[in-house]
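Peer 1: Can you make the complete structure from the sequences, with help from the hints?
One line per chain: the protein sequences are A and B, in this order. Quick note: the first sequence uses full-length UniProt numbering, first residue 1, plus one each step. Quick note: the second sequence uses full-length UniProt numbering, first residue 1, plus one each step.
Identical chains share a label here; the pair holds if one copy fits it or two copies do between them.
BS3-like cross-link-like pairs, simulated, lysine-lysine; straight-line CA separation at most 25 Å:
no., residue 1, residue 2
1, 153, 226
2, 264, 100
3, 539, 96
4, 331, 433
5, 75, 516
6, 501, 74
7, 75, 501
8, 558, 406
9, 74, 516
10, 96, 264
Note that these hints are calculated values from the structure, not bench results.
There are 2 protein chains.
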Amino acid sequence: MIPTPASVKESNVDVLIIGAGPAGYMAATWFARMGVDARIIDKRSTNIVTGQADGLQPRSLELLHSFGLGYHVKKEASVGYEACFYEPDEEGIIRKVDTKPEGVPGISRHNGSVIHQGRIENWFAGAIEEFSQGSMRVERPILPESLQIDASKLDSTGAYPVTIVLKKLSDESASPEQFGHKVENGLYCQFQGDQVAQAGEPAESKEIFHAKYVLGCDGAHSWVRKQLGIVHAGETTDDVWGVIDIVPITDFPDIRRRCSIHSKNDGSIMVIPREGDLVRLYIQLTEVPHEPGANGVSTSGNPEKAKDAGEKARADRSKITAEAILEAAQKIFKPYTLEVAETRWFTAYQIGQRIANAFQKDERVFIAGDACHTHSPKAGQGMNVSMQDTYNLAFKIAYVVKGLTKPNILSTYEQERRAVAEDLLSYDTRLAKLFSGKPGEVSTEEFRAVIDKGSAFTTGCTTNYESSLLVDKPSGLPRDVPYSSPLARNLPIGIRIPDAKFITECDGRPWFLHEKLPSNGHFRVLVFIGDFGRIPKLKANLNQIGTFLSMAESFLRKYTCREEESPIEAMLLHCSPQELVDWGEFPLAFRPRNSQRIMDYWKIFADRPSFHDETINGYRTYGIDKTIGAAVVLRPDGHVAKVVEPTTEGIMEINEWFEKFMIRSAGN
Amino acid sequence: MIPTPASVKESNVDVLIIGAGPAGYMAATWFARMGVDARIIDKRSTNIVTGQADGLQPRSLELLHSFGLGYHVKKEASVGYEACFYEPDEEGIIRKVDTKPEGVPGISRHNGSVIHQGRIENWFAGAIEEFSQGSMRVERPILPESLQIDASKLDSTGAYPVTIVLKKLSDESASPEQFGHKVENGLYCQFQGDQVAQAGEPAESKEIFHAKYVLGCDGAHSWVRKQLGIVHAGETTDDVWGVIDIVPITDFPDIRRRCSIHSKNDGSIMVIPREGDLVRLYIQLTEVPHEPGANGVSTSGNPEKAKDAGEKARADRSKITAEAILEAAQKIFKPYTLEVAETRWFTAYQIGQRIANAFQKDERVFIAGDACHTHSPKAGQGMNVSMQDTYNLAFKIAYVVKGLTKPNILSTYEQERRAVAEDLLSYDTRLAKLFSGKPGEVSTEEFRAVIDKGSAFTTGCTTNYESSLLVDKPSGLPRDVPYSSPLARNLPIGIRIPDAKFITECDGRPWFLHEKLPSNGHFRVLVFIGDFGRIPKLKANLNQIGTFLSMAESFLRKYTCREEESPIEAMLLHCSPQELVDWGEFPLAFRPRNSQRIMDYWKIFADRPSFHDETINGYRTYGIDKTIGAAVVLRPDGHVAKVVEPTTEGIMEINEWFEKFMIRSAGN
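Peer 2: So this is what it looks like as structure tokens:
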């Protein structure tokens, strides 16, 4: 046992998040939004201020918007619309051979955007502060010292089975080594901060947390992962890449488009335009000095590092300078000139591809993000998949902690996110090989074909969760073939609901439905009742559904003491013309009054043209027949969980489905 | 002369703004944005927190967006899309007779929105702080005591001819009387704060300002207007209206749409849905107690008030309660029920229609907003026209103060804004008569026809400035018939440029052009060169224009020492397909490098489909022939000033036009 001097503070907490990168921040944002007692710690004394990840893919942008953070992106980020491909001609001179759309047109309202990771973390910090009304914020610099799970408490929902000892560092010892800060040669070294490196650091104080759940969002060198004895399987490749953020001076005509440039003999480069005048270049380095004790034997005296490097020779990153990276870039850019008005940041990395052999222990301690999977930054996925990991996980923990669901839903985290990690590594492997290959060795058409095929995957909008307690579809289906009910042909079950336009019935205002599906923790039942104004049978169905939803046995009522606090929200989406609709005849279940008798006007939608927008098109977009309709269950993360007929029988099926994991409130 | 004790602080300031309502804030925002030495004072100790104006019309929304404040509106405001008209049927029961679009579909990207005036003022306060880097903010509570213009200094641009003595009040004496704050019966009385009322207030300190320019944005009872001896001509009508902000409990089906309801015998009501659950009701009061000493003889002992009331009997507003207003509303709403969950604010007013007989004195002291014109709130215009007044005025003063233009442009303020005020009063008179008229007396179809006709006017997007130094078109044209050059048929000269979609050439990103025309003080020359990729003559024109613009004699260079600080910006908008365009061949005038040689990529646009947006349509929207093109001058307020051919001759014409009011920089 851990010695506990009387002066050490000891607290209970429902959830402890270790690590305030994108995965940790996303989890904290969910917990703050859902009112969960959570704390988040980080070993660094401040947010990062330059470099690191910078690409926000469309699905991540949807998540930011769903938490009300979208306007920051609009204001600050660079948005990508086109991608160019340059290849050497017969004389070895690079030529533009193709221009393609960036991403997949129409897959999302948002195009892939680029902004410094530190800005994103700041937005999250603001959201956490706002949602928690100031009670939650990242506590730093704090280092975890030990983690123990008490097996005897695992089956008790009220217990705190995980004990973590934390040590508060002095600010100075925890400053990350960033460009211009500590490292003289300008090389950015990811702050390791593991126990070996930090053993000698003086602690200002210690604190013991007893937690119901712990999330390890502590990066590629995850301390949590090591405590759990989880193996990070995979290897480091030979490829070494330099990354540099510059304000360029160039006659290259596509410097504000994303570009892939393959040169004949000088390697490859990726051009990523960023906010303001900045451009990021990823450059394959062909001449790299290696550490003297190569082949797995590190000279640093740090066995962890050697293990992380796998079997490959380790590049000596300290020998790689901004000048060397830029020189390599200039060779590839020829005959175009490339000078630099300002160098903002640079680093070098050797690509490692690894995946953790478990994402959790005892369904009490979870790891997410880089702690689960590492890969190259080529597809711009790292930060995105990390955020999406905890976007998947945190609402489930929140439901369990709040006593709304049984813990049985937690197993879906690893099931769902491991599949994504595997797909990502597989795509990354193909991409890295093609990208590093010299023209002639790999077909450049093959290269573009892989990128084409991967475009939808990299948007994050096609992530397809398999059959489970939270995804009601046949099991054993292939992940890359979407499965839909014939009732809603374009709403594949397991995939996030695509966006579509409706108007609010009460005021005729056009909306993208996503705007009305904020991440607030609600499961949602969307009743697409069809053209009930013209079809009496549908109107009868609507009335019957309304009656059922008002009963104590309905999912709207039985999981809550007060209806207005129901974790499940019902929305009605019809497609009848206005003259056939009478507001007073809509069932009250879809326009409920709160305890002050104030009506909620915002749950009834119509698919019909607005005076101001002719393109309202929800039913067609979703592939729903206006004479039949559909009832669709959405999870709190927006993924389609279940599709049934919009009848009492269908609604009863949904009612039974919720019973599998929801817990009735004590008042019911 | 004013006695100046040694202890009184004395300062010079380029511009002093008196009054921090919408007009004053808009002026301050412009000055902060353009780097003008300005100060803004207000007599109230805090921003208003409830009530007052709340409607933002489309043009006002465009202005807020142009200062980067649009996201606040998106986040907080209620947006109107539909308007309903209720009239009594033969049995006297109110029925919906029509539903119309709110505003004019397509006239702007933004629909009329509703948000409490205090929020808007807060957004402005934030913008001023940001633009001025913290150096400008509203100074309060401060009351002006005297204003003098020194005629001997009027002709000197460097002089400070206006002397204002200010007195700083204690916070308590300046608290506005608002609902729940001071007034026991809940009646809101506009804080008068003029000298009569404030004569006895103790001053904490005094300060003397010597200003080049003074703006009186001090409301309907403008102190500045009185100092200038300007007459506020017009009269108060008999109509008394109550206004109340409530959270309603009702079965009225259109409570979230804007409604006009005419009852048979109980008067009229306007329903304005607001942010959150709030709804504002404007109710015609049929039974109103009048002050005992009516007909211009006030019992308040305040002769100013009596004068303001004109010849009409003055309603005793203190007798009008929230209950009385609500009761009147309930009668009109019948057979629908109307209860109240919460009453947030209410007031009553007697409609006055007045216009100042001058908007300035010596072109050194100007008045704007309510100080120039008062009218009923029916068309939702007060705050909007007030903001648009100073949006018109302040950039002109900024140009003069910065020594960039001659003072001769200042006369266009009164010319342009008096016309708007006159149109507004004329519309308001018609509307008020129709609205107050009982069914049977006025045709309800006539009523709706007037509203239809007024819709475009009330959006603010069709404001048409007449021929002047800053609007180059034939004089004597009727204001209500737009005048366009055949080169740009849908860009009427004198009206703000409508919005249209283009892509940025450098990255293929779709934009609404308005997004690239922020209010930053620039005049802009938009060169629509046409399809120069296919038409050699246009390509030759482009090159010649590029050459001219790079010469010292061009308007881009001669009014500035450093080209990158030119007050005039040139933008190129072509319509050639990408494969016929070579970035390296665009003249450098449209992709200039700054002193660090960093290129500005954002001034070249194309009208061609984007991968992500098929609806790019700028040339068609503007009515410009792709084989001819046009060159269009925009003023800093976005109004079209001049249209010529996109040839060297056309550009030379523009060059000569700028000479009429611009001042060459000393370095040229």
